[in-house]
Each structure stands twice: as structure tokens, then as C-alpha cells.
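Peer 1: Dock chains B, C and D against the given chain A, drawing on the hints supplied.
Chains as they are written, first to last, in my numbering: chain A, 612 to 760; chain B, 612 to 760; chain C, 612 to 760; chain D, 612 to 760.
In case anyone wonders, no lab produced these hints; they're calculated from the structure. Treat the hints loosely; a few may be bogus.
As the list claims (entries may be wrong) - In silico PhoX-like cross-links for lysine-lysine, where the CA-CA straight-line distance does not exceed 25 angstroms:
| hint | chain 1 | residue 1 | chain 2 | residue 2 |
| --- | --- | --- | --- | --- |
| 1 | D | LYS693 | A | LYS636 |
| 2 | B | LYS621 | B | LYS636 |
| 3 | B | LYS693 | C | LYS621 |
| 4 | C | LYS693 | C | LYS723 |
| 5 | D | LYS723 | D | LYS693 |
| 6 | C | LYS693 | B | LYS636 |
| 7 | B | LYS693 | B | LYS636 |
| 8 | C | LYS723 | C | LYS621 |
| 9 | A | LYS621 | A | LYS723 |
| 10 | D | LYS636 | A | LYS693 |
| 11 | C | LYS693 | C | LYS636 |
All values reported here derive from a predicted model rather than from experimental measurement.
Number of protein chains: 4
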Amino acid sequence: MSHPIIEFAKTPSEHHVQELFEQAKEVQARAYAPYSHFLVGAAILTPSGNIYVGCNVENAAYPVGNCAEASAIAAMIAGGEKEIFALATICDSSDIGTCCGGCRQRVREFAKSDTAIYACGPDGVRAIFTMDQLLPTSFGPDNLVGFVS
Amino acid sequence: MSHPIIEFAKTPSEHHVQELFEQAKEVQARAYAPYSHFLVGAAILTPSGNIYVGCNVENAAYPVGNCAEASAIAAMIAGGEKEIFALATICDSSDIGTCCGGCRQRVREFAKSDTAIYACGPDGVRAIFTMDQLLPTSFGPDNLVGFVS
Amino acid sequence: MSHPIIEFAKTPSEHHVQELFEQAKEVQARAYAPYSHFLVGAAILTPSGNIYVGCNVENAAYPVGNCAEASAIAAMIAGGEKEIFALATICDSSDIGTCCGGCRQRVREFAKSDTAIYACGPDGVRAIFTMDQLLPTSFGPDNLVGFVS
Amino acid sequence: MSHPIIEFAKTPSEHHVQELFEQAKEVQARAYAPYSHFLVGAAILTPSGNIYVGCNVENAAYPVGNCAEASAIAAMIAGGEKEIFALATICDSSDIGTCCGGCRQRVREFAKSDTAIYACGPDGVRAIFTMDQLLPTSFGPDNLVGFVS
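If we strip away everything but chain A, and leave its shape as in the complex, we get (with noise of 0.2 angstroms):
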């Protein structure tokens, strides 16, 4: 899952683009979603070039549940790297189906206001957002300068 060291441009590449669809959609199907029966795969790409995937993994007790995005962070972070560059999300929903908030803010604490975000479907990319645009004006670590040391 290893890449030589590129420079992006600002977006990911085609390329780059298709794996984090195949990679997302891979991981999608493992999903642990007997409560729900709706499957979410995500893949992380960061700016080494590595590719970190996760689906989410539910609970009997709804709230301790993961989010497929929260899971992929979580290797990300187990990996060793702290930034996304672009993300991929897949699920089956007959719209399109965007992060739920509380992932946007979980990707919002490793990202940047334009990194791009990818909201996939069954067959490929449904629509495309940067960071900004699924969670304007957000909470983040600056709110908290001066109270946690």
C-alpha cells in the first residue's frame, strides 16, 4: 500500500482517485452492520501517497458504534501520519451519501480547508467537496486556544 513520495497537485490524481473508489469499495463489504444492514467503506489517501481504509463497525448499544470514516483515521493515525490529503467514502444509498457531521468533524481535525472529498456509489464517484464546503465556519482546535493547555 506504499507509494514513492510524490508531489500532489492539488487534488489526487485519476489514478489516485480510482484506488481510494476501489480500495473504499473493498473495505465496504467487510463492514459489521447487523443493525443497520448499511455498509460504508473509506479510504484515507495521504500525502506520502498511502492509502488507509476502514468500514464502520456497529453496536448493539447504537452510540459506541464507529463510522467507517472514524476507522479509517484510526489507521491513519496507527500508521503514523496525521494528514489527509483526499478521502473516499462509498455506501449504497440510493442518493448520494455524504459523511454525517460527526465525521466531517473527525476529518476536519486532520485536514485542510480544501482537501477533497469523495462521496461514491456502487459504480464510482457521485460527487466531489472539499472540507470546507461539507463543514463551513467549523469548530476545531483554535476554539479551544486558552482553555486546554
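Peer 2: Using the frame of chain A, we list chains B, C and D on its own:
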């Protein structure tokens, strides 16, 4: 806390906004935030004219804490109502402090796209948003149609 | 909902347990659980004799939902109190339904090791636990000493 | 990270416990915990002999953070496995640091009542628990039978 049922215009009256601000500020002072020291208050106005409040409730295990908006929504649901007409949040950050993404999602479950959300600081309203401005192209119940029954 | 301040024995009186059960059952009926259809109510008795209630509040994005105990705790904190003397939860599962682990942690932040927790079903109390029985050798604020300031 | 499939006794071998400890410690160092400064690592051994790791991932909005155990479980599910044979967690608190209640619930979804859970500190295992010892009389999937389909 109960008022006669009234016809709202699309946005709450100045009187109601002032009341939301004051009640949010009052409950903010009771927030339990020994870990972040970041106190947040929230107040919800429902179409019936009732106001429900909540503050953040932190926990030594950070992810099981509750945001102020979640607390206010819980009060509304316990009170037998399921629609947010307007919401005010208050925090003490130097810049505007908006709802985190998780709370935008929580509010979205009970709000409309044009529901007014007031971001307040100690001295009053700092910014006004609609639900759709804070969580555009949102994930929601419609995405689960055909999956969850 | 306010009572004269009284000296509690180590466990609440039968009268208080009955009141906890009834208030938990009443708020359970107002739970918002369109995804699991599993309605939960919770009622907290504080040392001052006040009772605070809450029910579960689900969300299309499952992990941002609120458990009933979290909702009741939020009401207690918003009410200006920080100690749980006793807690009753109610659900309709055929077997005993106890607090999920997340809620055991939430309760633990405001409880003592011998705080009484009543697991109720539609007809009344099914089992009684102490906090320490439900969350033995718990993680808690003490673990963060020296890390968080 | 893959081993030949072996017959486990009820508890993992000393070799496996040592490996769990070392991998948990290694990933702990990569935790993202700028708010609590409390780094946690987790390593899961599955019946196939694979080990999956994770660390905590905090967020400026505390409740959307991820615990280390949640991260390790997410890695396991993404890896196509659904059973926890043994789990080790590591943190740097002066006393024993056990899984928080939320994580006990997360682990319980994929564990058995006698699954071994090792609470480690910097120098090694400090305490051993079974799943049932950490989350007795647990809430779980059985409670939802007849409600969720």
C-alpha cells in the same frame, strides 16, 4: 418555561432570541467540563414556544461525554417534543464557536434546512446560520430508506 | 420534582425506588428510537431528593445518538447537581436489560462504588446492582491525574 | 503480522501475550492525544493468530474521538475478522488503567465471556481480566432480539 402557542414567522422574534441567549448562558455556567475547561450552553426553542436547555457533560473517557446541544435535544425529547424551531449555543472562545459536526448532525435529525442557529459569545449573538449552511448536503434518515426497517 | 432534603440510608427508600421506576417508565414512552425501536428510559435520584429523567435519542448516524442514561445525566447537570444517589433504567427486552458499558462509564463519573442501579422492565425492578458490580476496576478521573490539567 | 493457524488453549501463550504487549506499546507511541496527553494503545489477537492494533484518536470536539480499543477493533473488522481472542491495552497511568466502559461494550460485541483482557503499563502486564469480569451482566445483541430486524 411554557408559553402560549404562537405563530412564528420563519425566524424567532427578537424577544425569543434574547431568551434563548439568556437561558443558554445560564445553563452554560453549570457545564461539567473539568477536562477541557470549555463550558458550552445550548437552548432550543420549539414550535410550541417551549425552551429546552443543556450544557456539556465531559467524562474521563472523553468519547462518552455529551455536547451541550445533545443535552438540550435530550431535554426536548424527554419533554415530548421533536422539532427544533431555533437553537442558540454559547461558548467563551475568542472567535465564533459553532456547533461541532457531531452536533450539527444531532440537530439536523430534528430541524429543517432553514432552522435558525445562533452562535453566541458572552455578550450575545455573534453569528446566525441556517441548518443547511452548517451541514450542507447532509447525511440523514433518507439515506437509510430501504436498509433500516 | 423537588422534595425536602432528607437523610438517605445507603439505599433509597421503597417510595423513592417506586418513583424512580414510574418516572423512568413515563419518559421511556417519549424515547426517539425509530431505528432500533428499542425504547429506554432512565431516572436519577440525587442526594437532594430531586429526580432527573431522560430517554434514548437515536440518530440516522447511529454513533451520535444518546443513551437514556446520558440524557438523564445531562438533565441532572443542567439542573445544577453532580451526584447520582440512585439510578433506574427501564427497557422492554425479555431478559434483564442493564446499562451499556458506555453508560456505566457515564454514570461512574458521578456515582460512588455503592450507588444503587435498578434495572427495570415494564412491570418493575428486575435486578439491583451497585455501580462497582456493573463497572468493576473502572477507568476514571484518577487515571488522568498528572496528564490533564 | 500473520501466523500459522494454531489451536489456542483458553488463554493465549506467553509468547502471544508478549507480542500483544509489544505491539500495543508500539502503537501507543503514535496516539493522537493533544488534549488529554494520555496515550493509549491496544492490540487484539484473533483466533487465526493475527494481531490488529490501534491507538486513541482525540478530537477538539471530545465526544467524537476514538478510543484505542475502538481503533483496534476497526482494524480487525477491516481485516475481515470478527472475533477477539485476547486483547491488551496499555497506558501510562500510575495505577492500573482498564478499558473504559464504552470500550468494554465495544469489545463485548466481538468477544466471549472468558476472553482474556490484559491491562498493561509501560513495563508489562499489570492485571488480567476476563470479559465477563469487566462487563458483568452485560447489555448486548440479545437484548435487541424482537426489536431490530
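Peer 1: Which of the listed hints are broken here?
Peer 2: Violated: hint 3 alone.
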